[in-house]
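Given the coordinates of chain A, assemble chains B and C with the ligands onto it according to the supplied hints.
Read top to bottom, the protein sequences are chains A, B and C.
All the letters of the first sequence, read from the start, carry residue numbers 46 to 358 under the numbering used here.
All the letters of the second sequence, read from the start, carry residue numbers 6 to 271 under the numbering used here.
All the letters of the third sequence, read from the start, carry residue numbers 8 to 1077 under the numbering used here.
You can trust all of the hints, since none of them are fake.
Here are a few chain C residues that sit away from chain A, every Cβ distance over 12 Å (derived from the structure):
#: 1; residue: 433
#: 2; residue: 533
#: 3; residue: 684
Chain B side only, calculated, beta carbon under 10 Å to chain C, not exhaustive:
#: 4; residue: 47
#: 5; residue: 49
#: 6; residue: 50
#: 7; residue: 131
#: 8; residue: 189
#: 9; residue: 265
#: 10; residue: 267
Keep in mind that the hints were calculated from the coordinates and are not lab data.
Using N, Cα and C, we set each Cβ at its ideal position, and we do this for glycine too.
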Amino acid sequence: MNPALSVIVFTTLSGAGYGLWFWWVLDAFNVGLARSGPDHWFAWLLVAAAGCVLVTIGLVSSVFHLGKPARAWRAFSQWRTSWLSREGAASLLAYAAFAACFAGLYFGRPMLAMGAAVALALLALGTVCCTAMIYACLKTVPAWRQPLVLPAYIVLALQTGGFAHAALFAIAGVQPALSAQSLAILATTSLSCAWIKEGYWHAIDRIEMPSRASATALEGFGAVTPFERPHTEANYLTREMGFVVARKHANKLRMLSLLLFAILPLLALLAAALLHGVAVFALPLAALSTLAGAFVERWLFFAEAKHLVTLYY
Amino acid sequence: MTGLPAPSKRKLGLVIDLDTCVGCHACAVACKEWNAGGIAGPLTDENPYGAEPFGVWFNRVHSYEATGLGTGDGGKDAPQAVTAAPMTVHFPRSCLHCETPACVTVCPTGASYKRASDGIVLVDEDKCIGCKLCSWACPYGAREYSAVEGVMKKCTLCVDRIYNEQLDEEERQPACVQACPTRARHFGDLGDPQSEVSQLVVERGGRDLLPELGYRPTNKYLPPRPRRAGGASNPSAPSSTSLASEALDADKLPSVLRWLDRVLSR
Amino acid sequence: MNEPQLNLSPSPGDEVKTTTCYMCACRCGIKVWLKDGRIRYIQGNPAHPVNKGVLCAKGSAGIMQHYSPARLSRPLLRVGERGSGEFREIEWDEALELATSWLKPIRERNPDELAFFTGRDQSQALTGWWAQQFGTINYAAHGGFCSVNMAAGGLYTLGGSFWEFGEPDWEHARYLMLWGVAEDHDSNPIKLGLGKLKARGAKIVSVNPIRSGYGAIADEWIGIRPGTDGLFAFALIHELLRTDRIDLDYLARYTDAHHLVICDPGAADDGMIARDAQGRALCAVTPPRSRSEGGGREGVLAYLANNQEHPSPTLPFACGEREGVETVPQPSGPAGRSSAHELPPAVHQRASSPPSPGEREGVLARGEREGGVSPADAIDISPAVVGEYVLPDGRKAKPVFHLLVERYLDPQYSPDAVAARCGIPADTIRRIAGELAQAAFDSGLTLPVAWTDTHGRRHEDMVGRPVAMHAMRGIAAHSNGFHTCRALHVLQMLLGAVDAPGSFRYQPPYPKPIPPANRPGRKRRDDGGLDAPALGFVHGPEDLVVDAHGAPRRIDHAFSWAYPLAAHGMMHAVIRNAWAGDPYRIDTLMMFMANMSWNSAMNTAETMRMLTDKDAHGGYRIPRILYADAYASEMVAYADLVLPDTTYLERHDCISLLDRPISDADGAADAIRHPIFEAATQADADGRPRDVRGFQSVLLDLGARLKLPGMVDAAGAPVYRDYADYMVHHQRAPGVGLLAGWRGADGTLEGKGPPNPKQLEAYIAHGGFWHAPIPEAARYYKMANREYLEWSQAMGFIGKAEPVVLHLYSEVLQKFRLSARGHGAAQPPESDRERVERYFDPLPIWYEPFEGEQVAGSPSPLAGEGLGRGGVETASEFDPSSSAASPATPPDGGRRRFPLSAITQRPMFMYHAWGSQNAWLRQIATRNCLYVHPDTAARYGIADGDFVHVDSHNGRITVQARCAGNVQPDTVWTWNAIGKRRGAWRLAANAPEGEQGFLLNHLISDRTPRGDRFNADPVTGQAAWFDLRVRIERAAGHVEMTSQPQFPSISVGNVSSDPLRYGAAFRNRR
Ligand SMILES: Nc1nc2c(c(=O)[nH]1)N[C@H]1C(S)=C(S)[C@@H](COP(=O)(O)OP(=O)(O)OC[C@H]3O[C@@H](n4cnc5c(=O)[nH]c(N)nc54)[C@H](O)[C@@H]3O)O[C@H]1N2
Ligand SMILES: Nc1nc2c(c(=O)[nH]1)N[C@H]1C(S)=C(S)[C@@H](COP(=O)(O)OP(=O)(O)OC[C@H]3O[C@@H](n4cnc5c(=O)[nH]c(N)nc54)[C@H](O)[C@@H]3O)O[C@H]1N2
Ligand code: SF4
Ligand code: SF4
Ligand code: SF4
Ligand code: SF4
Ligand code: SF4
Ligand SMILES: [Mo]
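Isolated chain A, as found in the complex (with noise of 0.2 Å):
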């Protein structure tokens, strides 16, 4: 499949960005990377804008890859059954919990803000869900069609949004800006980040597309191949479908995004949490080597993918 930079964008850093909002919400309630409250409520704030920038980014930037832009609105309609449509309205639901907490806060009613900061950390989850399932629901994209799919989007988001929030309290010179506790979490989903795309990688070398017989209806005469291509020069569905990258690229980077995304990051953590004063420059290193591993992964994640119209090619 083509990798479309506006797509990449969009999932990386909204990915990134719900998964701050995550991170926030289990801040609320003591059980996630940090403890809020008033000492570092500067921080706390920093990290809701931030995945507030990050979702936003990434949704404008999708609404780039639209051929009709300004008819985004009627994405919203179709959540029955679309997973884009549902991608669509948990966008905006979750926009509207993350609104609906500062008002509880503003207006003072802390149950409201509860509820929405609840309603928002499913909704943040489940946004990502529903963009992973834009994916892994297609039959037609066998490397999609995935089990690991789904975990991989999900725990990519929380990883690449934890990294982002620990950095942001290190900025923000939160102190100690690493726990324990957000230690553990960073580094275990650096790990099954590492571990299921591994999983995933080795799966998707393993995939068996269907015949082109099965394609063409010619199952019984032999081996099917092209002889002439229907036009000589490249149309929508070759570009669109049929980017092939080259095996030894992939491994590549494969590899790359592997370091990026966890090595790298795994590495700044041990620096971060045995030296003193590292994590303020180590811990947003880290973010953006997790973002730029994302990056590299969700281009691989689309380049790697064979769409079953290249059966025809």
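Just chains B and C with the ligands, lined up with the frame of chain A:
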């Protein structure tokens, strides 16, 4: 709308005969021509006279080679290393108007829909936002996006022809079917087991494309008939027209004079 | 659910007009829907006899052709050097005055200094007449490089032909053999027909080195080696004869099988048909006996009993051989095996010495004793088809069939002998022969239609022979194509499968007398015009257009001793000869719709050079080039004056029975085109109104300015307003005009009748065509069907309703042979004598195509090797052991220098060069590649997608190769005419057509490798496009993805690269 309607009784579609298709592209161009000015037009052509012409087509004609099984036609005993000569098969590809098409259900706007009355799958270009998701969901490559128009396009089964009261009755058929010079394309109601197309599918063992995906295409493809390349490698038995060879060993005769006493009539 | 409201009945247009398609020469009926003054949709006309409503890709893309940005706008006068493409636009008056000022002095001085050659037109009825009135013998149309072998092969054999003059009986055929057909002119009818055969379960066999298109749907693919079809046909004939599966009654009734050929070696009429005083052919007869008596069998047995000592399978005696003289090699045994030593002595003696009394007791006496000779056309006789007979004058004679059997039963034509050369297993050949016979004879097909033959005998039904054949350029475009084509017709006749139900069928106005009556014009009338149209059919040496020394008189050497039966002229020869001044310099070369500097040139680079070459005085060697084209083709750049034509929707055209008819086997038809648009209202790509004129009208205007006879009245005023006027009012002979429908003052006459001023209106009211069904009882056996022939005569197609006797044996060819042997007044120059002797064999022969033969380094056939080489060459061309046999073993590892054949095929969706300017069609193929069999590619270390050098004796191209297994492994091929010269057709300079596309024409020479002749058939002059031999190698250092050679870009202005949104306006308006 993106939800699929209850299966309609009428299932309009095409039956394409791979045994007869010569790969002439007539259907592809006729389709382009009618639809350019039809309800799904224009079928934009980018760079029409330049280096990379890039147009929207609802129907594209591929050709394949099938090598091996079931195609042997005298290749075996060829004097040189020509093993099983491949068979060339032409294969037109357009929307199959599936029964359970994900192209419809994934659409976020409801622009993609399947008509309840006859099963035709269409795009309402006024609603389409050009997210391209439906094209990803179609395994058959039947949807083509026009960047210039910003919307998705696809075969309409010529819905603006087949019911068109301004056309003569016999012309109310898809443009591709009307044009096809070998008449390898057939249009009709595949929901009606008595229809000509349904009968044809039964007779010729019509097939679904990628049935394992479960899209349940309405259009059917008739596979090539068995090629009759050989069998008897000896000349057929003499008949009444070969009087002499019945009684005489033709090889032993002074061949010319064998016809000496034939009584011919003028 | 709320589905959107659709308008399911949008108006298909404001109005619809019926006319005739011109995206190719098939000439289908179309309905053009117009909306807001633009074309909404072009569809097939269901009522039209040609296409019955279907339409091909090109036809549907007519919209884009009509609106092509490459359309010319105004007359162009060259300002730069020829070939540069620099022009000044001028007005029509200036253009026509200029043209007149060029042509007038020529006509006064010597009309032959105008060479008028037309290409892919359908106006030969007009252009030929115009040239005749101008008085030049140098007129021809494109058939000479197209398929004249097919036309002449048929017209000199059957009085009809494949091409578009006949068709398989699509309704009844049960077996169809397609020989070398990719698309053909009958594009849609063939496809419709194939669809019918498929639906009926008839077997289709494709004989073709490539399996694509029609071959793809065939039941059986015979991947033959190019140029060897004649051998294959002979092997089939051999098998049919060997197994006695032939239709002797058919042969005796409808062909010359029983005609007696004089066997009088050395005599001036040796090998001619024996005739009585009235000129009727003679045959030997036995008294009629009923079959049940079994006498025939006894006779044979008795004969056998008397001749037990000679059970030889052949009697290789051939009439017409000069005794005792070392003659030109006969199509006899393969090299190394003398035919003589196998001759049974007694027979041999009979053949070479006067009959002895003893022999008279034997076979010779039979004729006299049992019946004697009789006019061959007598009825209720029992003609003999074999044996040796004594003519009343005492000379010996043999029936044609006897000679035929002698020739083709020879072991050199057995399946085993030809298998390796053709690349077809002998068993397959035997099986196909059996299948042909089975389909022809065991089908039991008879149509319950009573008919009357030309002798007045009534037949209760029509006996079918449901084996049909169709052949085209795969056969024709070889230098042995004429004979191969005749071989196919002989095969058909043996099966009784010419115009029988289920077989090949004639389309009116065919059959015609063999050969057709009109001979080429040679003399000038008092008014300066020619005595007859320049093209015609030579009946014998006396009809050649040569001077007193036998040298060519025509600029293209057509109808000379080198190419005697060049019935369509030799367009591929005109540029070289005009450049070389051979036989003389001409002044003006006038061409019409022929892309002669590119895809219709053999040897493009050399052709471009000749078009621009200058003489010692600095003038162009071809002083003036006048050219009419509708589009900015490659050729436009080489003209001095360009006359811009209209598109096919802007003019009157006439698809006339005097030209290339569109009839079908069940009826005669003709059609018109009429303007759907005024050209002036159809702006060019820059938005300016176009000032273009239909070339036919321009030609008549020019003719009037030149005061040509028939084009001006006594007062010197133009007779015809324009072409439309001519179509209606011109009469070729009294009552015979261009259009056969709605003739007579009131439009009630058909075929013949006085002009009808309202004729065009009648055509338009009837969908633009006229179709006259043949009466049902007249639809088969047309060559001997009284009702048909009378109908044909009434229509004006033939002069007399006489039967057409099909020619297994060509007396016309024998006449040439006799002159080569020194008989008669017309004598070939010494340089042509042996060639004529060899290639004018009255029975079909096969010889290695010239290019293959000459590049292989083997001795010339004229040096005496004979044609049978294929018979001994048993190994594959790649088998190193075979190269040892070749005397001139080249140094490259012992392989032949050019081991592969290279051929082209027509793509179904493209018409020659015109298609690429079409925004829709070009998307299907903007580039071509060279297809190579994977085994062959592997042998040369070539991978799919590699660039390869392809070399012929004439040059090199470097192009991209692709592997595909559906080709005969010794053959490489590509699609024809996809490659374009950069900048032509107003395509972007970096368009793939120019950058990657290519032509094989760069490799094809217009001369044979030896350089002494045109690369053409020695009988008809047909261009031998498919004789091309090449070798390939990987182009190791070739990094740019561009094909070579490239020529300087011709700049005719760029086109906007904006997206084309055709139809958007209609959508808004619904
Ligand atoms: N779409 C389309 N239609 C056309 C045209 C066009 O350009 N485009 N051109 C028109 C014109 S001008 C013409 S003359 C006709 C020509 O009509 P065709 O004769 O059908 O055209 P070609 O493509 O030249 O076909 C030659 C075929 O012969 C095969 N062949 C080559 N050599 C041999 C051989 O030695 N033996 C055998 N058995 N086969 C051989 C080739 O593989 C090819 O399939 O088509 C007309 N129709
Ligand atoms: N290698 C190879 N070469 C071949 C062949 C092959 O098989 N292989 N086939 C040969 C054969 S059979 C043929 S017939 C030739 C065909 O070759 P051409 O006759 O040269 O081919 P076309 O491209 O048909 O173009 C003729 C010209 O007609 C012009 N034209 C088109 N429409 C109109 C019109 O309405 N009016 C006027 N005045 N001009 C118009 C076009 O612009 C073009 O310049 O090619 C020959 N060349
Ligand atoms: S073929 Fe593709 S576009 Fe057509 S209905 Fe089926 S899934 Fe949808
Ligand atoms: S591109 Fe248009 S039709 Fe397709 S899914 Fe998106 S909105 Fe629906
Ligand atoms: S049915 Fe109509 S829209 Fe569909 S492929 Fe045929 S012509 Fe095109
Ligand atoms: S028009 Fe008919 S024969 Fe031609 S490509 Fe289409 S289906 Fe095949
Ligand atoms: S076959 Fe030729 S005449 Fe007929 S529709 Fe096609 S282009 Fe037109
Ligand atoms: Mo041609």
